[in-house]
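Undergrad: Residue numbers (the numbering used here), protein chains in the order written: chain A, 1 to 352; chain B, 1 to 352; chain C, 1 to 352; chain D, 1 to 352.
One or more hints might be untrue.
A pair holds if it fits inside one copy or across any two, identical chains being indistinguishable in the list.
[To be verified] Heads up, simulated DSS-like pairs for lysine-lysine below, C-alpha to C-alpha not over 30 Å straight-line:
{"no.": "1", "residue 1": "K262", "residue 2": "K218"}
{"no.": "2", "residue 1": "K218", "residue 2": "K130"}
{"no.": "3", "residue 1": "K218", "residue 2": "K200"}
{"no.": "4", "residue 1": "K274", "residue 2": "K218"}
{"no.": "5", "residue 1": "K274", "residue 2": "K156"}
{"no.": "6", "residue 1": "K266", "residue 2": "K218"}
Source of the hints: derived by calculation from the structure; they are not laboratory data.
Number of protein chains: 4
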Amino acid sequence: MTGIGVCLTGGNTTVVKTAIIGATAYTSLDLIELLVRHPEADITHLGGRREGNPPISSIFPRLRGTCDMELGGLEPADLAEEPDVVFLTLPHGVSQEYAPRYLKAGLPVIDFSADYRLRDISVYEEWYGKHNDPGNVKQAAYGIPELFRDEVRGAKLVANPGCYPTSALLGLAPLAAAGLMESADIIVDSKSGVSGRGNKPDPGSMYCECNENLSAYKVGCHRHEPEIAQGLGMMGLESPDVFFTPHLAPMDRGIQSSMYVKLAEKADDEELEKTMRHRYEDEPFVTVRPGDDQPRTKDVAFSNRCHVAVKALRGDRACVTSVIDNLAKGAASQAVQNMNVMFGLSETLGLH
Amino acid sequence: MTGIGVCLTGGNTTVVKTAIIGATAYTSLDLIELLVRHPEADITHLGGRREGNPPISSIFPRLRGTCDMELGGLEPADLAEEPDVVFLTLPHGVSQEYAPRYLKAGLPVIDFSADYRLRDISVYEEWYGKHNDPGNVKQAAYGIPELFRDEVRGAKLVANPGCYPTSALLGLAPLAAAGLMESADIIVDSKSGVSGRGNKPDPGSMYCECNENLSAYKVGCHRHEPEIAQGLGMMGLESPDVFFTPHLAPMDRGIQSSMYVKLAEKADDEELEKTMRHRYEDEPFVTVRPGDDQPRTKDVAFSNRCHVAVKALRGDRACVTSVIDNLAKGAASQAVQNMNVMFGLSETLGLH
Amino acid sequence: MTGIGVCLTGGNTTVVKTAIIGATAYTSLDLIELLVRHPEADITHLGGRREGNPPISSIFPRLRGTCDMELGGLEPADLAEEPDVVFLTLPHGVSQEYAPRYLKAGLPVIDFSADYRLRDISVYEEWYGKHNDPGNVKQAAYGIPELFRDEVRGAKLVANPGCYPTSALLGLAPLAAAGLMESADIIVDSKSGVSGRGNKPDPGSMYCECNENLSAYKVGCHRHEPEIAQGLGMMGLESPDVFFTPHLAPMDRGIQSSMYVKLAEKADDEELEKTMRHRYEDEPFVTVRPGDDQPRTKDVAFSNRCHVAVKALRGDRACVTSVIDNLAKGAASQAVQNMNVMFGLSETLGLH
Amino acid sequence: MTGIGVCLTGGNTTVVKTAIIGATAYTSLDLIELLVRHPEADITHLGGRREGNPPISSIFPRLRGTCDMELGGLEPADLAEEPDVVFLTLPHGVSQEYAPRYLKAGLPVIDFSADYRLRDISVYEEWYGKHNDPGNVKQAAYGIPELFRDEVRGAKLVANPGCYPTSALLGLAPLAAAGLMESADIIVDSKSGVSGRGNKPDPGSMYCECNENLSAYKVGCHRHEPEIAQGLGMMGLESPDVFFTPHLAPMDRGIQSSMYVKLAEKADDEELEKTMRHRYEDEPFVTVRPGDDQPRTKDVAFSNRCHVAVKALRGDRACVTSVIDNLAKGAASQAVQNMNVMFGLSETLGLH
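Kindly produce the complete structure, drawing on both the sequences and the hints.
TA: Here it is as structure tokens:
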């Protein structure tokens, strides 16, 4: 049914042609499956460094029979056909080498790395190391459409956000934007599935080290802390003071964040929930749940959705919770949502 | 090798004879296995309500061949032989019916329920309902030997603590006792394995509802919040203000707690860790780990151990983490530790 | 974005209108999600017995915001709008009450139960109990399109096959149809995820009883044994002698079957694999893999796909393996595939 | 409580002194925990190749506070104190280098590798490669005490059996020894937890590749097939024809084997079960269960126990099932059992 080198798509003639550079990452597997099914998108190139350019389905057996396209090079010159958009799924530090080449060739870029997320280069360099393409950081949109849709719409470069920050910011945005929370003492306690570690075999990613196990890691020193703070700042919070603690939980996918904030003034569950519902009433991918019906990661697994809830704690504090699928809304499906926005397609196209 | 009605033990002649009332609970399975292997303890009675008094090994197939003892009644009069100590593994509200009967018969009781944990009856009744045995609450020791060993030593009634409070209090005790943390804004974010829900089949305990899933529950309204606050008060913290959020994680066993506290004065990692090490240097079951080597639930699974760590967060806050096995140090093995203390045995006997 | 009582669909005007009778079963959750996304299908009725006709999304929180339709009755008269097809996701024995009512009303039925699968009523009654609608059994197509497409195409009643039989028959069909395997000594050893047990809370479905656990069950007496034998018979094998052993494995989804057969004459890996490839070369949902690249359940999770492989064992035996997702190709997505075939739609529409 | 370089033990004076050579393997973690708790054994040396001879507890954080002994060399000369027995937990091919050195030094050896299991050197070399110590193979006892206790009792070298063969042989032994099963067509379908892969980080051992996944592997070509056949031969079966298929299941520990055999003459469940019960009536670690109460891996997890069951299948076939913990009865605890037998200790000492 499918020849080598062909991805099954809907058979449309006028579609967005896409290239994925870094096709062997876990996030790319999700991205490929989304684009193969997307009614208005085609994959025209998969760039990845593997000896002999094997078909992607030899790396991800899930793709056998649905995407047997062969891997090609990473450079613009390696692409036989010019795509309409390039997804970079490369590691931090590597993206900033490739993004300028594709942008120079006039191609819009959606970048999965952290390289274009932090607008203050000195903050980036403190957490990630030297930045070699600071010029393009200025023009990058921070790609959470629910919060920054207008920026994304006109962007040539979209920085696809980190998984933890997506989870934290979608939860806190309504209170931050409405001026209901203070800037001080924002505690973000997040739990992630193991796929967040990527697909490089290292001791910490082994089944017997992760299964039946849960722990915090990088307490007080995870790179997503400044990204969350920046996002809250973009929503109007002055000098937000964020304490972020990530945890590894024994599951493939999902991020659950419990966030403890101080309220600007006393409020009850009803008021807080109403603020959240108001903020998201037109958003197709965000669902506000009552504080007594807590969001579960499984409720959004394999989808682009985010569920949030809020509970007042003795009046002057609140606990906001949110769940997303770290590989989907936290990476691949949010990237497709950004693509839909950039190309003027229906925002929900090919997503659920 | 083993006849019906006999539990394999070491064959000692002078041992502590124990009865378990409520033998079909999950915590009882752990307790039975611990007592069967304990070199100085014997099980002489298993009380549980099941039609026809089947052997306990028909309920827990793990016990086939190691404990095939038949279930008997719950009342003192049902016990053929007088035990030296009675473990009550009954639900909240039920324990308070049976404890007075056993105490009246002169038998020491180690109670797994919440019935004798909260010293302020009005607090108990706010969270659990009517208390019918307030008189015995006064004499109950709160059984975390590392913190209240002297109380336990002389007690006739030990309230075996809640799993979450054990995890939280072992983590926070060193800072609380040393006056290093403030009473305000104590955030306890805990994640528990599913065995914490017990072994009654209900929708929320089903495999397909728990696996690949993580969520908060009872945000702002879990019964262990006042128990944690009481424990901190017992360590000298005045009117501690605790915000406790439990989470359900997809694993059998284990509790990990991340706790965010304000420091009474600025401190760094080294000072905080030193305080913890000092507090626990003679404790066989507590290990202090560096803040960059975070405790994992698997490191203490199936053991009576607790691992803790602390990280200073920008000087005036700290994140304390701790892990225990909720069925072991959070229930059954801590009960055996309490028994060892009560009977003047080596505290580590039969435990690891 | 979505009002109460509305399921998001593509917005097409000429679509297949579907009703699901038994909407609160696990398989229905998958079916609802598939139909919501299907570009040529709409859900017009969800029948299920729950007090007060709550929205389906209150039972399956995954559906919040994508399908908030309220539950209605189970009877033809309860349907406000006449559907084009009815999916019955009712238990064995109950389907046979409802199917005749819908068929009488002129509506095609796709039935998830075993009630119309076994053509020999006496065999059905031996394994499942009294059959009250034997008349309709005769006209039922056995809905594995890859094997019985023509039957399905013209059917008014499709018996959606059991999950284990789908897995076994897709694996064995090529050898059986080509006359390469003997009828004697067919051993089918299958391992299923826990969702195969359905969503009724019972002790055997609890997380702590299934996690970190694996066992055989119903050895020599599982109802799918005669269904597998019947299927092999339909492919030309005379009096096939099937020994079927199901196992419960600690995962949500997936069936892996290892099948040991005697070869009619000696063959090597290459010949056997070639036979399988030839049989499935035009099938969009079946992938044949080399015997040294064994199919994994995760490769087909959440998809309508089946991966199969074959290895010759010392010349006169073979081990055939196959994997499917028990809720998808083993239930809901195969039902949608059957619907596509029945209504002359592209067979892959809304599936992947 | 515990100084660096000391393992907590019972404090006995006359104990078996043990050395573990290859201490960083997963099986060694179990072995260390067993020996630390064993009332009549002490660990005097842990040999392992790690830069700087770190404490074993830095490799296995579970051991913090219970065994903080530092790693030393692998050679006899590296041992400060002469042990009474040496456990070799080295890979296949490496053990045969070290075993002769320890044997020459007069020290009994319990070897975890395959190097001394297969008595026919040509079979070994076909499956594992060149053997450099064939002389010692002859004197090696095959260490399943339940089957070959006398051999083990007098041995200087014990080949600790493979995990799969232990599971298969304990299941089949009663029928084989009683002449009830045929030599032809013995199908062994086994499912193992991931710890069976060891603790080297490779792609196939990663959490996201194993979780929610199940597959066969090495169909028709796994090295344990000849070991199972040899074991059946040792029990009197002539030229047993074994077809062995291993599977990887998403759990840490446990092996479940379903074995399909032809009966020498027709038999029913009762006769077969009786034969099994008779065979194991004096064995403390083996439990025979009724065929309708199938053994589950969790029932024996973290123990030295094996549960078995048998069901007759239409008279002339049977399905035998067995479960063990692959790291315990399949490796470490069986090794301790062998040690107990070799040193004339009570066979159950330190085990459960």
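Undergrad: It remains to establish, for every hint, whether it holds in the given structure.
TA: Hints, one by one, checked against the model:
1. With identical chains, the CA atoms of K262 and K218 are at most 30 Å apart both within one copy (24 Å) and between copies (19 Å).
2. In this assembly of identical chains, K218 and K130 lie within 30 Å of each other by CA distance solely inside one copy; the values are 21 Å within and 45 Å between copies.
3. In this assembly of identical chains, the alpha carbons of K218 and K200 lie at most 30 Å apart whether taken from the same copy (19 Å) or from different copies (24 Å).
4. In this assembly of identical chains, K274 and K218 lie within 30 Å of each other by CA distance solely across copies; the values are 20 Å between and 35 Å within a copy.
5. For a Cα distance limit of 30 Å, the shortest separation of K274 from K156 qualifies neither inside one copy, at 35 Å, nor across copies, at 49 Å.
6. In the homo-oligomer, the alpha carbons of K266 and K218 lie at most 30 Å apart only across protomers (21 Å), although the nearest pairing inside one protomer, at 33 Å, exceeds that limit.
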